[in-house]
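Student: Residue numbers (the working numbering), protein chains in the order written: chain R, 102 to 242; chain W, 0 to 170.
If you're looking for bench data, these hints aren't it; they were derived computationally from the structure. Quick reminder that beta carbons are idealized off the backbone N, C-alpha and C, glycines included. Check the hints yourself; a few may be wrong.
Unchecked claim - Restraint-style ranges between C-beta atoms, simulated for each label pair:
| id | chain 1 | residue 1 | chain 2 | residue 2 | range |
| --- | --- | --- | --- | --- | --- |
| 1 | W | Gln107 | R | Tyr228 | 29 to 37 Å |
| 2 | W | Pro165 | R | Gln224 | 55 to 63 Å |
| 3 | W | Gly87 | R | Ala129 | 34 to 42 Å |
| 4 | W | Lys142 | R | Ile216 | 39 to 47 Å |
| 5 | R | His122 | W | Gln107 | 33 to 41 Å |
| 6 | W | Lys142 | R | Val178 | 33 to 41 Å |
Unchecked claim - Chain R regions said to be covered by chain W (calculated; three or more residues, Cβ under 8 Å):
| id | stretch |
| --- | --- |
| 7 | 113 to 123 |
| 8 | 134 to 147 |
| 9 | 162 to 168 |
What the hints assert, rightly or not - Residues from chain R that keep clear of chain W, each with C-beta distances beyond 12 Å, as calculated:
| id | residue |
| --- | --- |
| 10 | Leu103 |
| 11 | Leu185 |
| 12 | Val210 |
| 13 | Asp215 |
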Amino acid sequence: MLFRLIVGITFVYASLDKIAHPDEFARAVYNYRILPGFLINIFAITLPWIEFFCGLFLILGLFIENASLLILFLSLVFALALSLNFLRGIDIACGCFTTDPNAKKVGAVHLTQDIILLLMSIQIFIYNRNFLSLQKLFQKK
Amino acid sequence: MSPKKSFLKILFQAALIVVFSLFIGVIYNTLSKEGISLKGSWSRKVLSDSLVVPYSYDKADPPAVTLTQAMTYFQTHSTVFLDARLEGDYKAGHIPKALNLPFEEFEQYYPKIEPLLSKDKDIITYCDGTECEASLFLARLLKERGFKNLKIFFGGWNEWNKAGLPVEKTL
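Based on the sequences and whatever the hints tell you, model everything.
Tutor: Listed below in structure tokens is the structure:
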């Protein structure tokens, strides 16, 4: 239950800024140098809403399995994308190649945060799905 | 229900959330003032054979220079090269006599660099290569501060280094 709230709030919070500034988020996506150009904008438009709904569902306790599975998947993709650019030596803040140790430190912090979220979403997916959730109310009826 | 079947069901419902988000996202984006085009133009612009610039380069920006032009400027000693990359990259190797003014830490470095610059002399910014925009953003910041003869060398460090031109390292 606690994990559900933490992950839920994190995702809703993270999504709001991206929803408000799609152009900045699209630039960030571009900086990862992974998606082909024509997919970047549509990805930047959709992803924040997936985060928003999944986060909201986790907070409310609706569709918990689906939402936690999606969050699990998103965190995994994010971790892979970060690691890939780590190995390629691309500084994702500017999308340029760098050897600067500070840029790597930022990447490491992101990766750690993401892995913590990932582990929490695994826990949510597998255990105590229904504690204090709206879902449980529906099931009782 | 078998576990496999219920997992497929969860997966299917999760896909529905994605489709729903796509739907909401596109609608919101269409209605919002901050909306962006569905299909962005994220490719580099080719101005000529030797001049490729990032997608964000605009006509109003300071002119872009080719490697050959950058070399010519390099030989006129009054031209100042500004390296817009982070300090670590600058130290690992840069165009000789270039000053380090990282775009990402502009506020911190600018006070130190400003006294060394003259608003009327030629200044060339560069970063990694065509894929990076730090040189462009740095040039824009300097333009706002009244620098008149700015130029951007988009080929940057990569092109310079590859061409076997003189380089300088800071130990």
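Student: Would you mind marking each hint as holding or not holding in the structure?
Tutor: Status of the hints after comparison with the structure:
1. Checked against the hint of 29 to 37 Å, the C-beta distance between Gln107 (chain W) and Tyr228 (chain R) comes to roughly 47 Å, which is inconsistent with it.
2. Our hint of 55 to 63 Å for Pro165 (chain W) and Gln224 (chain R) holds, since their Cβ atoms are close to 57 Å apart.
3. Distance hint check for Gly87 (chain W) and Ala129 (chain R): the Cβ-Cβ separation is about 22 Å, which falls outside the suggested range of 34 to 42 Å.
4. The hinted range of 39 to 47 Å is satisfied by Lys142 (chain W) and Ile216 (chain R), whose Cβ atoms lie roughly 42 Å apart.
5. For His122 (chain R) and Gln107 (chain W), the Cβ-Cβ distance of about 24 Å falls outside the hinted range of 33 to 41 Å, so the restraint is violated.
6. Lys142 (chain W) and Val178 (chain R) have their C-beta atoms about 38 Å apart, which keeps the hinted 33 to 41 Å range intact.
7. Here the stretch 113 to 123 of chain R counts 4 residues with a CB under 8 Å from a CB of chain W, which clears the bar of 3, and the coverage holds.
8. Here the stretch 134 to 147 of chain R counts 9 residues with a CB under 8 Å from a CB of chain W, which clears the bar of 3, and the coverage holds.
9. Using a Cβ-Cβ cut-off of 8 Å, 4 residues of the stretch 162 to 168 of chain R lie near chain W, which meets the minimum of three, so the contact claim holds.
10. Against the 12 Å criterion, Leu103 (chain R) stays outside the reach of chain W, whose nearest CB is about 22 Å from its own CB.
11. For Leu185 (chain R), the condition that its CB be more than 12 Å from all CB atoms of chain W holds, with the nearest at approximately 16 Å.
12. Every CB of chain W lies more than 12 Å from the CB of Val210 (chain R), the least distance being 16 Å, so the non-interface label holds.
13. With a least CB separation of 19 Å from chain W, Asp215 (chain R) remains clear of the 12 Å interface cut-off, as annotated.
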